[in-house]
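Work out the full structure, taking the sequences as your base and the hints as a guide.
There are 2 protein chains.
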Amino acid sequence: MRVPSFSDIESAHERIKPFVHQTPVFKSKSVNKLLGAEFFFKCENFQKVGAFKFRGATNAVGLLSDTEAARGVATHSSGNHAAALALAARNRGIKAYVVMPETSPSIKIKAVKGYGAEVVFCKPTLEARESTLKDVIKKTGAVEIHPYNNFNVIAGQGTAAKELADEVNGLDIVMCPVGGGGLLSGTSIAIKAMLPGSKVVACEPAGADDAYRSFYGDKLVPSVDPKTIADGLLTSLGTMNYTIIKAKTDQIVTVSEGAIIEAMRMIWERMKIIVEPSAAVPLAAVVEKRINVKNKRTGIILSGGNVDLEKLPF
Amino acid sequence: MRVPSFSDIESAHERIKPFVHQTPVFKSKSVNKLLGAEFFFKCENFQKVGAFKFRGATNAVGLLSDTEAARGVATHSSGNHAAALALAARNRGIKAYVVMPETSPSIKIKAVKGYGAEVVFCKPTLEARESTLKDVIKKTGAVEIHPYNNFNVIAGQGTAAKELADEVNGLDIVMCPVGGGGLLSGTSIAIKAMLPGSKVVACEPAGADDAYRSFYGDKLVPSVDPKTIADGLLTSLGTMNYTIIKAKTDQIVTVSEGAIIEAMRMIWERMKIIVEPSAAVPLAAVVEKRINVKNKRTGIILSGGNVDLEKLPF
Numbered sequence: 001m002r003v004p005s006f007s008d009i010e011s012a013h014e015r016i017k018p019f020v021h022q023t024p025v026f027k028s029k030s031v032n033k034l035l036g037a038e039f040f041f042k043c044e045n046f047q048k049v050g051a052f053k054f055r056g057a058t059n060a061v062g063l064l065s066d067t068e069a070a071r072g073v074a075t076h077s078s079g080n081h082a083a084a085l086a087l088a089a090r091n092r093g094i095k096a097y098v099v100m101p102e103t104s105p106s107i108k109i110k111a112v113k114g115y116g117a118e119v120v121f122c123k124p125t126l127e128a129r130e131s132t133l134k135d136v137i138k139k140t141g142a143v144e145i146h147p148y149n150n151f152n153v154i155a156g157q158g159t160a161a162k163e164l165a166d167e168v169n170g171l172d173i174v175m176c177p178v179g180g181g182g183l184l185s186g187t188s189i190a191i192k193a194m195l196p197g198s199k200v201v202a203c204e205p206a207g208a209d210d211a212y213r214s215f216y217g218d219k220l221v222p223s224v225d226p227k228t229i230a231d232g233l234l235t236s237l238g239t240m241n242y243t244i245i246k247a248k249t250d251q252i253v254t255v256s257e258g259a260i261i262e263a264m265r266m267i268w269e270r271m272k273i274i275v276e277p278s279a280a281v282p283l284a285a286v287v288e289k290r291i292n293v294k295n296k297r298t299g300i301i302l303s304g305g306n307v308d309l310e311k312l313p314f
Numbered sequence: 001m002r003v004p005s006f007s008d009i010e011s012a013h014e015r016i017k018p019f020v021h022q023t024p025v026f027k028s029k030s031v032n033k034l035l036g037a038e039f040f041f042k043c044e045n046f047q048k049v050g051a052f053k054f055r056g057a058t059n060a061v062g063l064l065s066d067t068e069a070a071r072g073v074a075t076h077s078s079g080n081h082a083a084a085l086a087l088a089a090r091n092r093g094i095k096a097y098v099v100m101p102e103t104s105p106s107i108k109i110k111a112v113k114g115y116g117a118e119v120v121f122c123k124p125t126l127e128a129r130e131s132t133l134k135d136v137i138k139k140t141g142a143v144e145i146h147p148y149n150n151f152n153v154i155a156g157q158g159t160a161a162k163e164l165a166d167e168v169n170g171l172d173i174v175m176c177p178v179g180g181g182g183l184l185s186g187t188s189i190a191i192k193a194m195l196p197g198s199k200v201v202a203c204e205p206a207g208a209d210d211a212y213r214s215f216y217g218d219k220l221v222p223s224v225d226p227k228t229i230a231d232g233l234l235t236s237l238g239t240m241n242y243t244i245i246k247a248k249t250d251q252i253v254t255v256s257e258g259a260i261i262e263a264m265r266m267i268w269e270r271m272k273i274i275v276e277p278s279a280a281v282p283l284a285a286v287v288e289k290r291i292n293v294k295n296k297r298t299g300i301i302l303s304g305g306n307v308d309l310e311k312l313p314f
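Those protein sequence lines, which keep their order, are chains A and B. Sequential numbering from 1 applies to the first sequence in our numbering. Sequential numbering from 1 applies to the second sequence in our numbering.
Just so you know, the hints here were simulated from the structure itself, not pulled from any lab data. Glycine included, each C-beta is placed from N, C-alpha and C at the ideal position. Any given hint might turn out to be false.
To be verified - Distance windows between CB atoms, simulated:
id	chain 1	residue 1	chain 2	residue 2	range
1	B	311	A	103	39 to 47 Å
2	A	5	B	6	51 to 59 Å
3	B	30	A	167	51 to 59 Å
4	A	127	B	17	56 to 64 Å
5	B	311	A	167	21 to 29 Å
6	A	167	B	270	46 to 54 Å
7	A	27	B	29	24 to 32 Å
8	B	92	A	103	28 to 36 Å
9	B	18	A	2	48 to 56 Å
10	A	227	B	92	48 to 56 Å
11	B	265	A	166	33 to 41 Å
Claimed, not checked - To be clear about the criterion: a stretch of chain B counts as covered by chain A if any three or more of its residues have a C-beta under 8 Å from a C-beta of chain A, and this derived list gives those stretches:
id	segment
12	49-63
13	115-122
14	292-303
Dropping the structure here:
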């Protein structure tokens, strides 16, 4: 299987720079003191559409030929990729069709529609998403941009870790959440190329632990009836993502729902920034002592900040 | 009455620089588009202790003689000044005694104690605060550092607006909330000195409108039974603050509770940062069309980010 190399991430970075924010890296003395490490938080919650997903979508849309682009793009997504693809498509002046589970947070549905995409609802199962998407593509001829199992999307997602490593010297550990594996595979490629001595650790809710089981079981297994507050991480690991992660990721740890909420609260209260539950999963692994970062320079990619304020866990 | 001049703010800035964060100025295309202006948000929610108050407290503590400092400092405060004074005192290695209304948000009480101050509770009235504080000072000999009616505190608070004007050219309007008037008086002095063509607009909850009534009635009137979600703005305008504001502030507008919540929500959802209700009061004035900022370069001081996540208005 052909997978992205670091040079694909470098080209992606040049391609998407005019469209994406170079998000800030935040530090927090208070969180450092509480947890005994030196953290560098890459704030993708401040990215356009409120999540790193805009990087991958922008790269994938940017690489379409004019003929492809004219047919529009289509995808299924539980939310952030949907908004990301919608905005990326609008930036290129093309149509986006988005299949969304009818259970998606209202804030995400509103955002997708706000960016001008056509939303098609389906049942919240992988099967329903895929069959509905097939129908849409059949009808419209749109090009599918998969949320994570896509070469160009992965290359785009890797640009967040690239910016982090460009800005912060000598990271011992880089952590990110894993759902479908787009962010993790891009991050792993970038970090292993730029900081070969640094460890890449993926963090996953115990209630949606297909990446953990796949990684350590040496066989890609799907997510079956996943349950977690981290709604961005309900999806199953993709085949391309699995291949990359097996080769480049050092470790996957799982965390409890309680730890996710505690970590999310810590980020909100101490850092005064809004992150969604999925983004709090890496810090949850530290809170829950699933990974030892004592005195280590630890990069964490805060993947997004889209939460429904009506449904907070506090 | 001797009041601070801009040079006092400049000296304060040099004095406190080693202790305070130079907070970032955030922009938001999405908020700009929604409200039709170009906003520059000075993020004092990212200041140490989560509020601009740390600037004034640090300046006042820094200006104590060694003899004064040895006796410790004391104050009454509904919260942010309390935490600010506690940390400023700890930074100088001296004691802080803090009189707090028993109704203060738990997150603020916890913070004050966490910074090592001795907390003395009182009823939530100005009278109870003042008499309890008198008792404390009598017993300990501590130097009172008033939250806002204090020359050095005002000079310190003015450094937030100074940093904003240093960083952003050509602001047409600068807005901040007004409670006791510490931030507003410091801001007015700084902006009138640095950007004489710029308008300083104070924003106040209609349910705690003593500054509005004092300003337009040409007579300092106290806050009687104020009611607002903006718990940092319940206090009455100070005499020194009143004097400065009458001379230097251009306009005061009042806003409804609904607009405060709407503005707070807009900042949380669109900018992914946490601000307390008091900090949302200036944007509320724009939301509620109490002030016309159409196409204007508008600076807003986001005064703080300390909210009790258990008691959100959403």
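56 to 64 Å as the expected CB spacing between residue 17 of chain B and residue 127 of chain A, which holds or is violated: holds (60 Å)
Within 46 to 54 Å or not, the Cβ separation of residue 167 of chain A and residue 270 of chain B? Because 25 Å falls outside the window, the suggested range is violated.
Between residue 5 of chain A and residue 6 of chain B, does the C-beta distance stay in 51 to 59 Å? Holds, since residue 5 of chain A and residue 6 of chain B (Cβ atoms, about 56 Å apart) stay within the stated range.
Should the hint that residue 311 of chain B and residue 167 of chain A are 21 to 29 Å apart at their CB atoms be regarded as holding? The hinted range 21 to 29 Å is violated for residue 311 of chain B and residue 167 of chain A, with Cβ atoms some 37 Å apart.
Taking 24 to 32 Å as the stated bounds, is the beta-carbon spacing between residue 27 of chain A and residue 29 of chain B within them? holds (25 Å)
Holds or violated: the 39 to 47 Å window for the beta-carbon distance between residue 311 of chain B and residue 103 of chain A? Taking Cβ atoms as reference, residue 311 of chain B and residue 103 of chain A lie about 28 Å apart, which means the hint is violated.
If you look at each residue in the segment 292-303 of chain B, do at least three have a Cβ nearer than 8 Å to any Cβ of chain A? violated (count 0)
Note whether the CB distance of residue 265 of chain B and residue 166 of chain A lies within 33 to 41 Å or breaks it. Between residue 265 of chain B and residue 166 of chain A, where Cβ atoms are some 34 Å apart, the hint holds.
Quick check: does the Cβ-Cβ distance between residue 92 of chain B and residue 103 of chain A fall within 28 to 36 Å? Violated, since residue 92 of chain B and residue 103 of chain A (Cβ atoms, about 54 Å apart) do not stay within the stated range.
Is the gap between the beta carbons of residue 227 of chain A and residue 92 of chain B within 48 to 56 Å? With Cβ atoms ~51 Å apart, the hint holds.
Given coverage of the segment 49-63 of chain B by chain A, tested with a Cβ cutoff of 8 Å and a minimum of 3 residues: violated (count 1)
Is the hinted range of 51 to 59 Å satisfied by the C-beta distance from residue 30 of chain B to residue 167 of chain A? With Cβ atoms ~25 Å apart, the hint is violated.
The structure is inconsistent with the numbered hints 1, 3, 5, 6, 8, 12, 13 and 14, although it conforms to all the rest.
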